[in-house]
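Colleague: Here is what each chain is made of, one letter per residue.
Protein chains: 2
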Amino acid sequence: MMPPPVCTASHVPFDDRGLAYGDGLFETVLLRAGEPVLWQYHMDRLALGCERLGMPLPSQAFLDATWQGGVSTALEVLKLILTRGSGGRGYALPEQVTPRLLSRRAPFQPSVERWRQGVTVRLCELRLSRQPRLAGIKHLNRLENVLARQEWSDTTIAEGVLADSEGVVVEATSMNVFWRQAGKVFTPLLEQCGVAGTLRAALIEQGAVTPASLPLAHLADVEQLWVANSVQGVWPVTTLLSSDGSLLKRWPTCSADSFQHLAHQLLGFA
Amino acid sequence: MMPPPVCTASHVPFDDRGLAYGDGLFETVLLRAGEPVLWQYHMDRLALGCERLGMPLPSQAFLDATWQGGVSTALEVLKLILTRGSGGRGYALPEQVTPRLLSRRAPFQPSVERWRQGVTVRLCELRLSRQPRLAGIKHLNRLENVLARQEWSDTTIAEGVLADSEGVVVEATSMNVFWRQAGKVFTPLLEQCGVAGTLRAALIEQGAVTPASLPLAHLADVEQLWVANSVQGVWPVTTLLSSDGSLLKRWPTCSADSFQHLAHQLLGFA
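As given, the protein sequences belong to chains Y and P, one line each in that order. If you're matching positions, the first sequence starts at 1 in this note's numbering and goes up one per residue. If you're matching positions, the second sequence starts at 271 in this note's numbering and goes up one per residue.
Take the hints with a grain of salt, since some may be wrong.
[As the list claims (entries may be wrong)] Restraint ranges, calculated between C-beta atoms of paired labels, are given here:
hint: 1; chain 1: P; residue 1: Ser512; chain 2: Y; residue 2: Ser10; range: 42 to 48 Å
hint: 2; chain 1: P; residue 1: Asp285; chain 2: Y; residue 2: Thr73; range: 16 to 22 Å
hint: 3; chain 1: Y; residue 1: Gln117; chain 2: P; residue 2: Ile427; range: 55 to 61 Å
hint: 4; chain 1: P; residue 1: Pro522; chain 2: Y; residue 2: Ala65; range: 56 to 62 Å
hint: 5; chain 1: Y; residue 1: Ala65; chain 2: P; residue 2: Thr426; range: 38 to 44 Å
hint: 6; chain 1: Y; residue 1: Glu125; chain 2: P; residue 2: Asp285; range: 26 to 32 Å
hint: 7; chain 1: P; residue 1: Ala335; chain 2: Y; residue 2: Thr253; range: 54 to 60 Å
hint: 8; chain 1: P; residue 1: Gly453; chain 2: Y; residue 2: Ser243; range: 36 to 42 Å
hint: 9; chain 1: P; residue 1: Pro485; chain 2: Y; residue 2: Ala33; range: 55 to 61 Å
hint: 10; chain 1: P; residue 1: Asp334; chain 2: Y; residue 2: Ser10; range: 29 to 35 Å
hint: 11; chain 1: Y; residue 1: Pro132; chain 2: P; residue 2: Pro485; range: 19 to 25 Å
hint: 12; chain 1: Y; residue 1: Phe14; chain 2: P; residue 2: Thr343; range: 18 to 24 Å
hint: 13; chain 1: Y; residue 1: Arg116; chain 2: P; residue 2: Gly339; range: 55 to 61 Å
hint: 14; chain 1: P; residue 1: His488; chain 2: Y; residue 2: Asp44; range: 41 to 47 Å
It should be emphasised that the hints constitute simulated quantities derived from the structure, not laboratory data. Note that the Cβ used here is the ideal one computed from N, Cα and C, for glycine as well.
Throw the hints in and build the complete structure from the sequences for me.
Modeller: And the structure:
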């Protein structure tokens with residue numbers, strides 16, 4: 001008998017490869033009245049991740065079942081974890097891979113205050129390593145993000161900006177970075193590291209954002225800076241601190257932020 | 271009431287940080303008649319890993335309990351997984367961290383044939399990224415090793431040799447690399463990436479091995495090459511293949527391999 005193509009679970013056992021090696025992927029999805037926002041972008045990234053890791057992609061029915069049915073409130077966050085399942089001898093794959101799909105949904109409220117008043121961000125000391133084989137996908141090897149997020153505990157700092165080992169701006173610890181220069185909006189290329197967010201993908205597809213390279217040394221020179229993702233929306237950055245807490249730059253808050261407005265239309269926030 | 275310092279478990283829940291982010295460490299330990307071999311080296315590496323990740327180290331009693339008691343056979347492998355436990359908002363740590371400790375032991379037989387006849391290894395195409403913050407420790411972010419191990423399925427190839435993004439030899443997918451040059455034995459530095467094995471640590475402490483840098487381009491020029499770890503012992507490399515399968519070098523098998531003999535004394539194999 002063929003094993004099922006996917007095993008859905010609420011726990012994972014000792015030999016799950018997601019636990020053992022971070023051998024898997026995840027997605028964090030905004031649900032509005034029970035319906036996923038930017039769902040196709042999440043599915044596209046998951047498919048790309050499976051392709052990169054050499055993992056079978058679960059059928060759409062399995063993936064849709066993570067949000068279909070159940071009681072839905074206004075806004076929720078759905079988190080999916082897809083691991084390569086159990087088995088194999090060490091790093092070698094088992095003969096038959098049966099991925100394990102886990103999901104959880106929880107009520108969510110975005111921070112309207114951060115949308116309107118903007119946020120303070122700091123530069124992280126940690127430099128992301130460059131691994132093009134893993135760049136862009138949302139895999140389970142996230143120790144760099146965990147270490148970076150440990151650099152501060154001041155709750156007035158909303159995010160940390162990460163650069164790679166060559167000093168190129170990549171992302172924030174859990175958000176993508178966007179900046180305006182000469183009237184155009186850009187976002188890092190993410191060819192060497194970083195997670196390519198679904199809101200970022202939708203904005204690029206709309207032609208509203210262009211991927212580009214930004215050296216850390218030029219970050220304070222941009223006309224406007226934002227951090228954003230598909231769950232929290234867009235936070236304008238009003239204050240940029242160095243990793244030692246010193247002020248690098250202040251930007252004025254903009255009462256009519258056209259970039260934020262467009263992004264929030266995509267998310268149903270505007 | 272204070273939460274317990276460590277939670278022992280056989281499964282991990284959805285919100286375990288080991289599963290979510292690979293936020294944790296592991297050890298793979300040889301047990302001989304129920305007693306761990308090189309146990310202090312494993313404990314030292316685990317302690318270093320906890321320090322690097324900013325995680326509390328469980329008490330020695332909790333760690334010893336993973337192998338104490340139970341029915342023991344001649345040789346077993348004990349695997350420990352220590353995660354940072356549940357919780358936190360995204361990458362941010364929870365206020366109170368309660369690590370989760372999992373363990374499993376299984377009967378084991380090393381390959382005497384590989385000790386005696388040596389093995390074929392191949393170069394991996396994947397290049398390890400450089401991240402000094404994570405170098406040396408045995409953390410749960412092992413997607414690079416998983417990807418590298420997927421490069422071949424030919425069972426006559428015992429291991430794959432990995433170099434980093436600068437072309438410096440680092441390790442094999444699940445073993446350390448050693449080589450002899452001008453009568454001395456060396457092993458990669460592992461300051462930028464790779465796992466610092468416990469057998470390697472014991473051999474360095476004995477003065478039998480010196481850490482050094484070896485460019486991939488010079489690998490075929492060494493007098494003798496070995497791959498080794500604290501569970502499998504030492505495999506002399508007799509054949510080195512490129513990633514496309516072409517022959518790069520053959521070394522003769524040595525009937526009286528003093529390096530292997532010393533390492534196997536440390537493991538109780540000689």
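Colleague: Next, verify each hint and record whether it holds.
Modeller: Evaluation of the provided hints:
no.	hint	verdict
1	P/Ser512 / Y/Ser10: 42 to 48 Å	holds (45 Å)
2	P/Asp285 / Y/Thr73: 16 to 22 Å	holds (20 Å)
3	Y/Gln117 / P/Ile427: 55 to 61 Å	holds (59 Å)
4	P/Pro522 / Y/Ala65: 56 to 62 Å	holds (59 Å)
5	Y/Ala65 / P/Thr426: 38 to 44 Å	holds (43 Å)
6	Y/Glu125 / P/Asp285: 26 to 32 Å	holds (27 Å)
7	P/Ala335 / Y/Thr253: 54 to 60 Å	holds (56 Å)
8	P/Gly453 / Y/Ser243: 36 to 42 Å	violated (47 Å)
9	P/Pro485 / Y/Ala33: 55 to 61 Å	holds (59 Å)
10	P/Asp334 / Y/Ser10: 29 to 35 Å	holds (31 Å)
11	Y/Pro132 / P/Pro485: 19 to 25 Å	holds (21 Å)
12	Y/Phe14 / P/Thr343: 18 to 24 Å	holds (19 Å)
13	Y/Arg116 / P/Gly339: 55 to 61 Å	holds (60 Å)
14	P/His488 / Y/Asp44: 41 to 47 Å	holds (43 Å)
Checked against the numbered hints given earlier, the structure breaks only hint 8 and satisfies all the rest.
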